Every structure is written in structure tokens, then in C-alpha cells.
Amino acid sequence: MNLNARIILAVRNFFRKYGRVILIVAVIWLIIFLFNQYLKNRPREKSLINTYTPDEPIMDEGDTVPKRAVSTVNETIEKYFNYCNQKEYENAFNMLTDQCKEYLYANDVNKFKEYVDKIFPNNKIYNIQNYSNVDDIYIYNIRILDDITATGTTENYDVYQEKIVLHGDNSEFKISNQGYIGNQKINKEIENDDMKIKMIKKEMSYTKEEYTLEIRNKTDNYMMICDEMGGNQITLNLGNQIRPVLNVTNGNIIIVPDETKKVTLIFDKYYDDGVSPIGINFNNVRLLKRIASSLTDVSDQSEDNIVRTFSINIGLQ
Amino acid sequence: MKKNVVNILLLIVVLILIAINIIIYINNHKEDEEEIRVNNTITENNLSENINYEEEEQKAITEKTTTMNERSRMQTYFGIFITYIEEGNYEAAYNLLNENFKQSYFKTLEEFEQYVQKYPENIVVDYQDINREGEIFILTVEIKDLYDSQAETIKQRVVVKENDANDYEISFQVN
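Chains H and F supply the protein sequences, listed in that same order. Numbering-wise (our numbering), the first sequence opens with residue 1 and increments by one. Numbering-wise (our numbering), the second sequence opens with residue 1 and increments by one.
No lab work stands behind these hints: they were computed from the structure. Any given hint could turn out to be false.
As the list claims (entries may be wrong) - Below, a list of computed lysine-lysine pairs in the BS3-like style, where the Cα atoms sit at most 27 Å apart:
| id | chain 1 | residue 1 | chain 2 | residue 2 |
| --- | --- | --- | --- | --- |
| 1 | H | Lys124 | H | Lys87 |
| 2 | F | Lys155 | H | Lys124 |
| 3 | H | Lys111 | H | Lys201 |
| 4 | H | Lys163 | F | Lys161 |
| 5 | F | Lys102 | F | Lys161 |
| 6 | H | Lys87 | H | Lys101 |
| 7 | H | Lys124 | F | Lys161 |
| 8 | H | Lys208 | H | Lys198 |
| 9 | F | Lys107 | H | Lys124 |
| 10 | H | Lys79 | H | Lys124 |
| 11 | F | Lys102 | H | Lys124 |
| 12 | H | Lys87 | F | Lys64 |
| 13 | H | Lys218 | H | Lys208 |
| 14 | H | Lys113 | H | Lys87 |
| 15 | F | Lys161 | H | Lys87 |
| 16 | F | Lys64 | H | Lys40 |
| 17 | H | Lys261 | H | Lys208 |
| 18 | H | Lys79 | F | Lys161 |
| 19 | H | Lys67 | F | Lys107 |
| 20 | H | Lys40 | F | Lys59 |
As the list claims (entries may be wrong) - Here are some of the chain F residues that sit facing chain H, going by a computed Cβ distance under 7 Å:
| id | residue |
| --- | --- |
| 21 | Leu10 |
| 22 | Lys102 |
| 23 | Phe106 |
Unchecked claim - Label-pair distances were calculated between CB atoms; the ranges are:
| id | chain 1 | residue 1 | chain 2 | residue 2 | range |
| --- | --- | --- | --- | --- | --- |
| 24 | H | Phe35 | F | Lys118 | 56 to 62 Å |
| 25 | H | Pro121 | F | Glu91 | 34 to 40 Å |
| 26 | H | Ser47 | F | Ile24 | 22 to 28 Å |
| 27 | H | Lys79 | F | Glu91 | 34 to 40 Å |
| 28 | F | Lys118 | H | Thr207 | 32 to 38 Å |
| 29 | F | Ile23 | H | Arg20 | 24 to 30 Å |
Predicted model only: the values in this text are computed from it and were never measured. Glycine included, C-beta positions come from ideal geometry on N, C-alpha and C.
Kindly produce the complete structure, drawing on both the sequences and the hints.
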């Protein structure tokens, strides 16, 4: 057989043996090529570089607002804002949680109206930024400002900001404003020979916790829980931190013999710090023989007047 | 054994073909991303050609803004506004203003034209600061005369709201 014939025969055998594989490879290659051409020629979507991410939390990068809730959250805030801006007080008020209506406005829409009128004296615009998210609660910072697109900032511009909180499931939300979150009932009691303390509830805001307690003085003496120095006489135990009470400086907490008194104690505490309070400490309870004639005056705390001092811890866990 | 060798060889061929295609695609993509230069010379007075030219110019600006960061985009938009004023194209500048802003400060084009006479003939803009309120940007600028350093400097805040690439509204502090 001459050379040409052998070459032809070899090629024919090659294609007979590997023709199918070559065909498959060629088809795959053609598909990839055509797909490339399609991608190259399709009109590219213009996307602008944008660093404004209102639904990503700035305090905690982990817990973002779920994608399925984002549009409902934004629509809820926009609706609430528009009601306030257009002075539809009842509609805006009805978007608040029941606890918020009660705590901040005593369930009185007129009190809410005063708040709205103070913040919206004229037409406003707003922008939001997610701060943090805890369980089904989404905390946003809202900035409410004059409509600077209409004024060009000609008379400068006012900005008001506060935390608003979205509560609810992903299909419908209620709002609590002015940084208020909600309240929690606490059924805890502690008792010794001198006193009985009943924890009733705590009101939570983004930056504070407010505890309501009933304290009964079981003794025959005056019971001074805290004098006008305030500070570390009453503290909130967070484990790795101790927070002093905020609302009794320049005042005092004195309970006369056999009296039961309702007391509120306010402490600094961020809602999203991930820490559960361990307890409230009364660090320097003094039993006094007598007190000043007016409860707002400074009482005598000399050794002669003090019957006994002690401390007591109210567990919260 | 021989079959395995053949299979491996064929696989190598396929992978080489895929790699070649990817390289070709990337190279073509790089050519498309060359900077588009805006041509500012008007070649004829033919109206349809002018319209085509303006459309091309706008398209070029739109393309360019998609590659810019936010600060550069806002400065570009205000730069375009100032350029229109400098060129005496007051209507184009007026059309960039926010509607509510126009209603409050410049109800007519003539009022706007009268106001911008306070700007120098040849303008240079010094960008002092940029802030944002959500999707709205506030630029603090100083507008100066390019050729006369003794001339008065106009300090202003400028508000830019961007709706989309090269789609924006301007309002400013009326001094």
C-alpha cells in the first residue's frame, strides 16, 4: 500500500474511532463560544457605586434585616413618616405599639399630637439607618430634616433624630418611637426581716432600662435606700459591669415605718448589648431613728441616728 | 490504559479551548471599558446633527458616571451645571433645578438668569466639603473667578439629588 493510501486509511480509522468524542467536544465548544458572544453583546446594566446601605446594621454586622422584610420595613417607616408629616395624627398614632402608646403618651393622641407638632413644624424629609436587630425587633435611626432639595439649605436646616423600632413579623410591623422598645413583667420577690421587695416590671428603651419595684419597710425605723448623693448606692449588676442608678441624684428614697412605696429606678443599658442583667443591688440601706422634717431635706446620718446598715441583692435571672 | 490516555488528552484539549475563549472574552471586555472622551467641538449648525451630538454627549456622561464614586459623580453634576451657566446656556442649567426649589426661588428663567449674573464669567469651583443625608448630597463650594484672584469668592452649599446615572436635580443656597 502506498503512503497516501496509508495516511488516508489512518485518518479514516482515527475519525471512525474518535469521531463521536470530537463531535461532542466541538458542540460543547460551540455552545461556550455562542454564550460568550451573547454575554459580550448584551446591553450591560448600569449600576452606580452606592455606599448608602440603610438596611445594614452599623452596630452589629451579623444580624441584618431579613431580605424578605426589608421592603415592608421601609414601607412602614415611610407610611408612618408621611402620616406625621401630613398631620394625620390618628393614623400615625395607630401605627404605634400599645405599650408605646401607653408609656410615652398615656394612650392620649393629643400628647402624641404635641410631639408630632414639635418635630414637624413644616414639611420634612427623612433618611434612615439600621442600627441593630435583636430577634424580631429592628432598630433604626431616623433623621428628620427640612426639605433641603426645596430650600437648597438657604436658611440652613434643622435635623432631628431619634431611634424608631419596628416590631412584628415580616408581613406587618408596628412602631415604637423616641427610642422606646417595650416592657417586660418581672415576677420576683425578695424578703428579709427588714423589708420586702417586689419587682413589677421593666420598661426598655434603646439606651436605658427603667425598673418599677414595690418596697415595704417592715421595721419600726425609717428606711433610707438612697440619699441625695445617688450614685453607687443602688446599682445594676451586668456581670462584668456595674451601673449606678441615674434618677435619684438630688433626691432620695426613704420609706417610713410599715409603708409600701412604689419606686422607679433608671439605669444606662443598651438594648442590643447582648447582656442580661443579673440583679439590682441596694448597697447601703440605712435604718434611721429619725429623718429630716421634709423628705427632701438632708437627713442626719450620724452614728447616733443610724440603727443599722445592710445591703441586699435582688436577683433578676 | 491507552483509552485513559486518550481521554486525558481530550480533556486537556477541551480545557485549552475553554481557556482560550475566556481569554478572548476578557480581552474584548477590556477594550470596551476604555475611557470615553467627550467631544466638545460643534462641527456644523445642522439641528439634527446638534441633537445627535447632545444625545451622544449625554450618553458619554452617563457611561462615565457608572465608573465614578459618589463624590466624583456629585462634583461632575455640579460641574455640568456651572459649565452651562458659564456658556450662557441658562435654560439648560435652569432645567437641572429641583421643581420645588424653582417655585420657591426662581419662578421664571429670567429670574434665574438675573441671579447667576453674580457668578464670574470664568468660573473655578473649589470643593470644600461633602456631606450626605441619605441619598441626598450637600456640597460646600467656593466659586471663584478663574483669572481674577481679587474678585469676590462666593461660598455656597449645593444640594444634589441623584435619581439615576446622569439623572439628577440641583438646588443651592440662595445668597
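Hint numbers the structure violates, sorted upward? 12, 13, 19, 22, 23, 28
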